[in-house]
Amino acid sequence: MKFIGIVGSTNEHSYNRKLLEYAQFIMMDQVQIDIIDIANLPLFSVDLLESDYPKLHKISEKIISSDGVIIATPEINHTIPPMLKSLLEWLSFRLQPFKDKPVMIIGASHEGQGTIRAQMHLRQILASPGLEAFVIPGNEFLLNNAKDKFDNDGRLLDEQTIDYLEHCILRFKKFATLINTMDLNSIESHFTLTLKAGGYINLDDPNSDGTAAASEY
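Per our numbering, the very first residue in the sequence shown carries number 29; after that it's consecutive.
These are calculated hints, taken from the structure and not from any lab test. Among the hints, erroneous ones may be present.
[Said to hold, decoys possible] Within a straight-line C-alpha distance of at most 16 angstroms, the following computed EDC-like cross-link-like pairs (lysine to aspartate or glutamate) qualify:
#, residue 1, residue 2
1, Lys175, Asp211
2, Lys127, Asp179
3, Lys201, Asp95
4, Lys30, Glu49
5, Lys30, Glu89
6, Lys113, Glu160
7, Lys30, Asp57
8, Lys127, Asp211
9, Lys177, Asp191
10, Lys127, Glu89
11, Lys177, Glu139
12, Lys113, Asp57
13, Lys127, Glu168
Starting from the given sequences, assemble the full structure and let the hints guide the process.
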């Protein structure tokens, strides 16, 4: 199974990059995670054409051919960074590779609350028209106080944190398998809407259907 990893920060030394690279390392025997570079992309504008930027098409093609996407987002002013937001705007305009794509969100932050607000906002964005991704419900991985969590080689120090990261990615693997094997043309509409609205499924029961969240579309 192959996932695409997107780091929401263009900082080469970003803790979110370290987190995603470490996930790539510890999961190499179970899933392939290819991390793509989103640096040097133009900010979204309807006055520009994505056809003038081959890198956007390459990113779109990689997402389409993948089994799922893992996004590692920082939090800036209670939301996601502008470069990540711009990328998602490009990919919701004409290319639309996220439609019905399984997505998992992780994040690392200097602060004590991790990236909880950014992750909540990102879930809303990924449900919007033109994106319409299947974001795995729950399963949040929030790494707070990130500057104290890595050694000099970029490896997580705490065994419980490592185990939980692996647990979350394995659950996402099950989720992606379920989504990718469903007949999305014939599936009941309430299930699709429930899942995209934040409902949940029992990943330990492959026969489980969607269960409604507190609010639905």
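Results for each hint:
1. Annotation: proposed proximity of Lys175 to Asp211 is violated, straight-line Cα distance about 43 angstroms (limit 16 angstroms).
2. A threshold of 16 angstroms between alpha carbons decides the hint, and for Lys127 with Asp179 the separation of about 37 angstroms lies outside it, so the pair is violated.
3. Between Lys201 and Asp95 the CA atoms are separated by roughly 9 angstroms; this keeps the pair inside 16 angstroms, and the hint holds.
4. The hinted pair formed by Lys30 and Glu49 meets the criterion: a straight-line CA distance of about 15 angstroms does not exceed 16 angstroms.
5. A distance of roughly 13 angstroms separates the Cα atoms of Lys30 and Glu89; the hinted pair therefore holds under the 16 angstroms criterion.
6. Annotation: proposed proximity of Lys113 to Glu160 holds, straight-line Cα distance about 15 angstroms (limit 16 angstroms).
7. Between the alpha carbons of Lys30 and Asp57 the distance comes to roughly 11 angstroms, so the proposed pair stays at or under 16 angstroms and holds.
8. For the given pair, Lys127 sits about 14 angstroms from Asp211 by alpha-carbon distance, which is consistent with the 16 angstroms threshold.
9. Simply put, Lys177 and Asp191 have alpha-carbon atoms about 14 angstroms apart, close enough for the 16 angstroms limit, and the pair holds.
10. At roughly 13 angstroms between alpha-carbon atoms, Lys127 and Glu89 fall within 16 angstroms of each other, so this suggested pair holds.
11. A threshold of 16 angstroms between alpha carbons decides the hint, and for Lys177 with Glu139 the separation of about 12 angstroms falls inside it, so the pair holds.
12. Note on Lys113 and Asp57: the hinted pairing is violated, with a Cα-Cα distance of about 32 angstroms set against a maximum of 16 angstroms.
13. Between Lys127 and Glu168 the alpha-carbon distance is near 21 angstroms, which puts this suggested pair outside the 16 angstroms criterion.
In the structure shown, a violation is registered for the earlier hints numbered 1, 2, 12 and 13, in ascending order.
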